[in-house]
Amino acid sequence: MSAATGSAPPIAHRAATVAFDHVTKRYPGTGTERPGAVEDLSFEVPAGKICVLVGPSGCGKTTSLKMVNRLIEPTSGRILIDGQDAARRDVTELRRSIGYVIQQVGLFPHQTIGENVATVPRLLGWPEVRRHERSEELLALVGLDPSTYRDRYPAQLSGGERQRVGVARALAADPPVMLMDEPFGAVDPIVRERLQNEFLRLQADLAKTILFVTHDIDEAIKIGDLVAVMQVGGHLAQFGTPEEILANPASDFVARFVGADRGLKRLSLTRVDSLELRPAITARPGDDAAEARRRILADPFEFLLLVDAANRPIGWVGERQIPTSGVLAESMATSMSPLLDRRTTLKDALAMLIDAEVQAGIVIDRHGTLRGLVTAEDITAAARRDRSAAS
Amino acid sequence: MIRWDVIRGNLPLITSKIWEHLALTVVAVAVGLVLSFVVVIAIRDRRRFVGPVMGFFGFVYTIPSLALLALLVPFTRLSFLTSEIALVGYTLLILARNLLTGLDAVPRDVLEAADAMGYTRWRRLWQVELPLALPLIVAGIRIATVTTIGLVMVTALIGFGGLGQVMLRGYNFRNDTLVIVGFALTVALGVVADLGLSWLGRVVTPWSRARAAAG
Numbered sequence: 029m030s031a032a033t034g035s036a037p038p039i040a041h042r043a044a045t046v047a048f049d050h051v052t053k054r055y056p057g058t059g060t061e062r063p064g065a066v067e068d069l070s071f072e073v074p075a076g077k078i079c080v081l082v083g084p085s086g087c088g089k090t091t092s093l094k095m096v097n098r099l100i101e102p103t104s105g106r107i108l109i110d111g112q113d114a115a116r117r118d119v120t121e122l123r124r125s126i127g128y129v130i131q132q133v134g135l136f137p138h139q140t141i142g143e144n145v146a147t148v149p150r151l152l153g154w155p156e157v158r159r160h161e162r163s164e165e166l167l168a169l170v171g172l173d174p175s176t177y178r179d180r181y182p183a184q185l186s187g188g189e190r191q192r193v194g195v196a197r198a199l200a201a202d203p204p205v206m207l208m209d210e211p212f213g214a215v216d217p218i219v220r221e222r223l224q225n226e227f228l229r230l231q232a233d234l235a236k237t238i239l240f241v242t243h244d245i246d247e248a249i250k251i252g253d254l255v256a257v258m259q260v261g262g263h264l265a266q267f268g269t270p271e272e273i274l275a276n277p278a279s280d281f282v283a284r285f286v287g288a289d290r291g292l293k294r295l296s297l298t299r300v301d302s303l304e305l306r307p308a309i310t311a312r313p314g315d316d317a318a319e320a321r322r323r324i325l326a327d328p329f330e331f332l333l334l335v336d337a338a339n340r341p342i343g344w345v346g347e348r349q350i351p352t353s354g355v356l357a358e359s360m361a362t363s364m365s366p367l368l369d370r371r372t373t374l375k376d377a378l379a380m381l382i383d384a385e386v387q388a389g390i391v392i393d394r395h396g397t398l399r400g401l402v403t404a405e406d407i408t409a410a411a412r413r414d415r416s417a418a419s
Numbered sequence: 056m057i058r059w060d061v062i063r064g065n066l067p068l069i070t071s072k073i074w075e076h077l078a079l080t081v082v083a084v085a086v087g088l089v090l091s092f093v094v095v096i097a098i099r100d101r102r103r104f105v106g107p108v109m110g111f112f113g114f115v116y117t118i119p120s121l122a123l124l125a126l127l128v129p130f131t132r133l134s135f136l137t138s139e140i141a142l143v144g145y146t147l148l149i150l151a152r153n154l155l156t157g158l159d160a161v162p163r164d165v166l167e168a169a170d171a172m173g174y175t176r177w178r179r180l181w182q183v184e185l186p187l188a189l190p191l192i193v194a195g196i197r198i199a200t201v202t203t204i205g206l207v208m209v210t211a212l213i214g215f216g217g218l219g220q221v222m223l224r225g226y227n228f229r230n231d232t233l234v235i236v237g238f239a240l241t242v243a244l245g246v247v248a249d250l251g252l253s254w255l256g257r258v259v260t261p262w263s264r265a266r267a268a269a270g
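Chains V and A, in that order, give the protein sequences. Be aware that the first sequence starts at 29, since it is given in the numbering used here, and climbs by one per residue. Be aware that the second sequence starts at 56, since it is given in the numbering used here, and climbs by one per residue.
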């Protein structure tokens with residue numbers, strides 16, 4: 029079998045399970061808790077899932093990652109990729125089938141961006157035309173215009189752009205498994221946030237099996253389908269979904285590591301569309317003011333939401349602003365923030381509500397039409413419900 | 056002071072000596088490059104040998120050229136080989152040191168990425184490490200070449216020496232023109248070689264200009 033024959037497989041849906049089976053790595057020396065050591069690590073990542081290895085520095089998370097592509101060989105135990113022992117595979121062939129992204133990116137300074145992306149296809153002996161096609165396709169995939177970037181050198185790119193090229197390069201030969209070691213650690217918070225979002229959007233299409241190392245618990249919760257919390261000495265402190273780890277930390281160490289604000293963090297895992305929304309009292313410009321005033325006075329909530337003919341919110345009208353006679357006009361409406369998309373996380377929604385003048389968030393769908401309202405009380409009530417359901 | 060008829064009369068000699076000068080230089084630098092490459096590849100992962108080997112090359116470098124030639128003649132006669140042994144000897148320190156420094160300066164993350172993508176050891180050396188070490192390698196070649204062009208003159212004493220022969224002949228026959236021509240052409244050769252190699256170095260490392268442009 030050779031990658032050099034046949035047409036290029038589409039970049040998608042090739043994933044493998046990765047299982048750690050009692051993996052131990054000891055370094056020579058007397059200390060029992062050497063940094064980077066790993067002790068009896070066992071867990072399994074199903075195909076197509078992102079597993080984040082998170083823990084303080086020296087906990088062995090990077091060592092664990094590097095044992096998958098055998099940059100480091102385990103002292104004992106096995107790592108199985110689709111059931112096959114990695115130690116029994118040819119190391120060069122194994123590495124060419126695993127994507128690898130690191131914080132410093134490690135692009136080749138002497139090669140153009142196009143050549144960098146085509147590295148593994150070149151090693152696999154793909155013909156020139158196909159390498160070029162794949163390179164263009166991947167640059168576009170990570171949001172870099174091929175005609176602009178293809179012939180530049182890494183030194184001419186920003187940190188964020190280099191990191192995208194790193195991801196494109198790792199994906200070039202359509203590897204079933206990707207290893208990522210703090211890939212977004214060296215860029216500023218705004219770029220990191222954007223790269224994380226793009227990465228998640230990409231992964232939704234690609235569905236690779238990804239092992240992702242970070243020391244940042246917030247990143248772990250945001251990125252991971254599964255999270256492996258490791259502690260110094262290379263022990264696995266807890267393995268589970270972000271929800272499970274936040275709701276039920278397995279030990280004091282995990283509880284401290286995820287932080288005292290883990291209740292708040294849990295809110296970042298739930299989105300507004302999972303809540304039961306409150307109906308809003310709405311009216312349209314031109315409606316009878318007195319009638320609208322009667323309806324709002326009958327309700328404990330003192331704001332009327334003005335909407336247009338397509339049921340898109342225009343703005344709030346306070347009950348005191350509603351005239352006793354005549355009709356409602358668009359000019360009566362004040363700002364309608366906070367405006368929430370149904371994909372907004374509860375954490376972001378709560379943050380916006382705390383600052384808002386009107387204590388209700390307006391939830392709209394993709395077309396901008398009104399879905400309902402959400403209040404801070406709704407969010408905290410949902411968080412309490414989650415907690416009792418999880419424990 | 057300069058007599059053009061002398062130059063015209065000795066033109067065949069001068070031309071052939073320019074070629075001889077170049078040949079002696081190119082062979083010395085090429086052989087020196089191959090030797091230092093082999094040595095550096097052999098010792099770079101055995102760091103305890105680096106000190107002694109570089110120390111030995113440094114020692115060779117300090118031997119006066121005349122003394123070295125005199126030492127070699129009883130073994131290898133007045134031969135091309137004798138000239139080259141001496142000339143190659145002086146290139147080793149510069150070439151080996153620059154090669155080693157260049158290879159050591161390749162960023163760790165680049166090497167790690169290369170390994171992780173499945174480069175074999177040799178392929179990594181040829182396609183990643185040596186290209187990235189090129190600026191320092193070329194710098195070494197420039198210094199070694201210019202130094203060798205100067206040293207070639209000394210081998211005139213054992214019957215070679217390229218333009219050194221022209222100067223020596225001028226000296227023996229009290230002919231100032233030949234002395235000046237030999238001198239001027241040697242200097243010109245050095246300058247041209249230096250500029251040419253510097254240009255070549257820029258051409259083969261387009262990415263370093265890209266870096267400078269990016270600021």
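FYI, nobody ran anything at the bench for these hints, they're computed from the structure. No experiment lies behind these values; they were computed from the predicted model shown. Be careful, since some hints might not be right.
Stated by the list, open to error - Across the chosen pairs, the derived CB separations fall in these ranges:
1. A:96 / V:52: 28 to 38 Å
2. V:269 / A:92: 53 to 63 Å
3. V:244 / A:160: 26 to 36 Å
4. A:259 / V:228: 52 to 62 Å
5. V:118 / A:257: 33 to 43 Å
6. V:74 / A:105: 26 to 36 Å
To be verified - So these bits of chain A aren't anywhere near chain V, every CB distance computed over 10 Å:
7. 61
8. 66
9. 74
10. 132
11. 169
12. 172
13. 173
14. 178
15. 251
16. 262
Every residue, glycine too, gets a C-beta built ideally from N, C-alpha and C.
Requested in this report: Determine whether the Cβ-Cβ distance between residue 259 of chain A and residue 228 of chain V falls within the hinted range of 52 to 62 Å.
Outcome: violated (42 Å)
Query raised in the report: Do the Cβ positions of residue 244 of chain V and residue 160 of chain A conform to the proposed distance bound of 26 to 36 Å?
Result: At roughly 32 Å between Cβ atoms, residue 160 of chain A and residue 244 of chain V fall inside 26 to 36 Å, so the hint holds.
Report task. Examine each Cβ of chain V, and state whether all of them lie more than 10 Å from the Cβ of residue 132 of chain A. Result -> holds (46 Å)
Query raised in the report: Can we trust that residue 66 of chain A is non-interface, i.e. its beta-carbon lies farther than 10 Å from all of chain V?
Result: holds (45 Å)
Query - Distance rule for residue 173 of chain A, whose beta carbon must clear each one in chain V by more than 10 Å - result: violated (4 Å)
Query raised in the report: For the pair residue 118 of chain V and residue 257 of chain A, does the Cβ-Cβ distance stay inside 33 to 43 Å?
Result: Roughly 40 Å apart at Cβ, these two residues keep to the hinted range, so it holds.
Query - Verdict on residue 169 of chain A as a residue remote from chain V, using beta-carbon distances over 10 Å - result: About 8 Å separates residue 169 of chain A from the closest Cβ of chain V, which leaves it inside 10 Å; violated.
Report task. May I ask you to check that residue 74 of chain A keeps its beta-carbon over 10 Å from the closest beta-carbon of chain V? Result -> About 35 Å separates residue 74 of chain A from the closest Cβ of chain V, which puts it past 10 Å; holds.
Report task. For the range 26 to 36 Å, tell me whether the beta carbons of residue 74 of chain V and residue 105 of chain A fit it or not. Result -> violated (49 Å)
Query raised in the report: Does the Cβ pair residue 269 of chain V, residue 92 of chain A satisfy 53 to 63 Å?
Result: Holds, at about 55 Å.
Report task. Mind verifying the non-interface call on residue 251 of chain A? Its CB should be farther than 10 Å from each CB in chain V. Result -> holds (22 Å)
Requested in this report: Hint says 28 to 38 Å; check whether the CB-CB distance for residue 96 of chain A and residue 52 of chain V agrees.
Outcome: holds (35 Å)
Hint check: violations occur at hints 4, 6, 11, 12, 13, 14 and 16; the rest are consistent with the structure.
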